[in-house]
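S.K.: These are the residues of each chain, in order.
Number of protein chains: 2
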Amino acid sequence: MPSHDSVQESAPVSRRSKITPEREQELYAAVLDLLRESGYESLTMEGVASRTRCGKSTLYRQWGSKPELVVAALHGTRRMSLSHIDTGTLAGDLHRAARSIGEGSGRDTPLMHALSHAALQNPELLCALREALILPEIAAIDAMVRRGVERGEIAADNPAAAYVAAQLLGVMRARPLLEGRYADEAYLTRFVANAILPGLGLRAPLPES
Amino acid sequence: MPSHDSVQESAPVSRRSKITPEREQELYAAVLDLLRESGYESLTMEGVASRTRCGKSTLYRQWGSKPELVVAALHGTRRMSLSHIDTGTLAGDLHRAARSIGEGSGRDTPLMHALSHAALQNPELLCALREALILPEIAAIDAMVRRGVERGEIAADNPAAAYVAAQLLGVMRARPLLEGRYADEAYLTRFVANAILPGLGLRAPLPES
Numbered sequence: 000m001p002s003h004d005s006v007q008e009s010a011p012v013s014r015r016s017k018i019t020p021e022r023e024q025e026l027y028a029a030v031l032d033l034l035r036e037s038g039y040e041s042l043t044m045e046g047v048a049s050r051t052r053c054g055k056s057t058l059y060r061q062w063g064s065k066p067e068l069v070v071a072a073l074h075g076t077r078r079m080s081l082s083h084i085d086t087g088t089l090a091g092d093l094h095r096a097a098r099s100i101g102e103g104s105g106r107d108t109p110l111m112h113a114l115s116h117a118a119l120q121n122p123e124l125l126c127a128l129r130e131a132l133i134l135p136e137i138a139a140i141d142a143m144v145r146r147g148v149e150r151g152e153i154a155a156d157n158p159a160a161a162y163v164a165a166q167l168l169g170v171m172r173a174r175p176l177l178e179g180r181y182a183d184e185a186y187l188t189r190f191v192a193n194a195i196l197p198g199l200g201l202r203a204p205l206p207e208s
Numbered sequence: 000m001p002s003h004d005s006v007q008e009s010a011p012v013s014r015r016s017k018i019t020p021e022r023e024q025e026l027y028a029a030v031l032d033l034l035r036e037s038g039y040e041s042l043t044m045e046g047v048a049s050r051t052r053c054g055k056s057t058l059y060r061q062w063g064s065k066p067e068l069v070v071a072a073l074h075g076t077r078r079m080s081l082s083h084i085d086t087g088t089l090a091g092d093l094h095r096a097a098r099s100i101g102e103g104s105g106r107d108t109p110l111m112h113a114l115s116h117a118a119l120q121n122p123e124l125l126c127a128l129r130e131a132l133i134l135p136e137i138a139a140i141d142a143m144v145r146r147g148v149e150r151g152e153i154a155a156d157n158p159a160a161a162y163v164a165a166q167l168l169g170v171m172r173a174r175p176l177l178e179g180r181y182a183d184e185a186y187l188t189r190f191v192a193n194a195i196l197p198g199l200g201l202r203a204p205l206p207e208s
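These protein sequence lines are chains A and B, in that order.
Counting in numbering that gives the first Met the number 0, the first sequence tops out at residue 208, every number present.
Counting in numbering that gives the first Met the number 0, the second sequence tops out at residue 208, every number present.
Rather than coming from a laboratory, the hints here were simulated on the basis of the structure.
If several chains are the same, the list does not tell them apart, and a pair holds so long as it fits within one copy or across any two.
The list that follows gives simulated cross-link-like pairs (lysine to aspartate or glutamate, DMTMM-like), each with its CA atoms no further than 25 Å apart:
1. LYS65 with GLU36
2. LYS55 with GLU123
3. LYS55 with GLU40
4. LYS17 with GLU67
5. LYS55 with GLU25
6. LYS65 with GLU40
7. LYS17 with ASP32
8. LYS65 with GLU123
9. LYS55 with ASP32
The following block holds chain A by itself, in its conformation from the complex (with noise of 0.2 Å):
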């Protein structure tokens, strides 16, 4: 194993021959961490090296740059997924989905606070947020409403349909600045009940399972 490590600097994803799995995951839940403390531009190198007791120049040698280490502490941390949910209506799934992301809205809503203006403005980093946190979600989404059209539930046109996951992802974010408080199981569960399934023509909780 070469000592140098000059090698492959435009993809800062490999060769992480000095830091095992163990010890990048630590690193990237410190990213994280530190993101949803102070939010990305005040995200420094010299911060996480010293939350993660890490040298500065190891994280310069094995990411490069701040964006690339968010990027990558994005893309390396798994979260909440919702593509394991299939409980056989529609309305189940989204019950389910309701709760899984009112769950994990603690954790998600202030990173995807901190990093979403930034992200506005830097291409790389809008990417890898979308691709870690919400296309993951988006396609988990569509997925329900799919196999709702597939089942009968609903109509294959129905025109609510394609705005489910702007809507959970929406209040999501809306909430702790309409009300001061994140959008937690019990209110995404209402609106589920009261906004998206009587948008989509689905009045009952559980319909025909």
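Got chain A sorted already, so can you dock chain B onto it with the hints?
M.R.: The following block gives chain B in isolation, referenced to the frame of chain A:
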């Protein structure tokens, strides 16, 4: 007029003797522009002074600190308002609201993204953000819903009614992250027609007007 200005330091909004209202609006507009461009953490009194060609000592004398200046800028600049909308039907009002929010979203969405993370950690800033950007819109939307109830368009206990404001403000914030584009007039108009109105049980865009 006294040349010393230590009086009323705790009331930064008053005593603008040296600054004309026009100049004040210019300063506030520059503060909001800088916030949109670089976020709250990166905003400095030096940056504001440089952008506005205003002495840093004047900024400190008049506003005391960065959070106070940002709060004053949020309060001191009027942006879009939904409160004048009154078309005679709830569907009509919500469509007008969608247009108005969509027109302003290129201006207000970056500002909310820039401030929301800092606001969740700074109660005074959250309060100002809520008062300046959020509560007026919520109040206006709630008034539309209330008039709809009074006219008998929806029942007083319509379960989706409580979520109209959160949905509109939510998708406005979610779309840039979901689709990489602001929630413009066309998107919000479709969202009102296809998700919010059906959720309220109002299928036609302009019922019994």
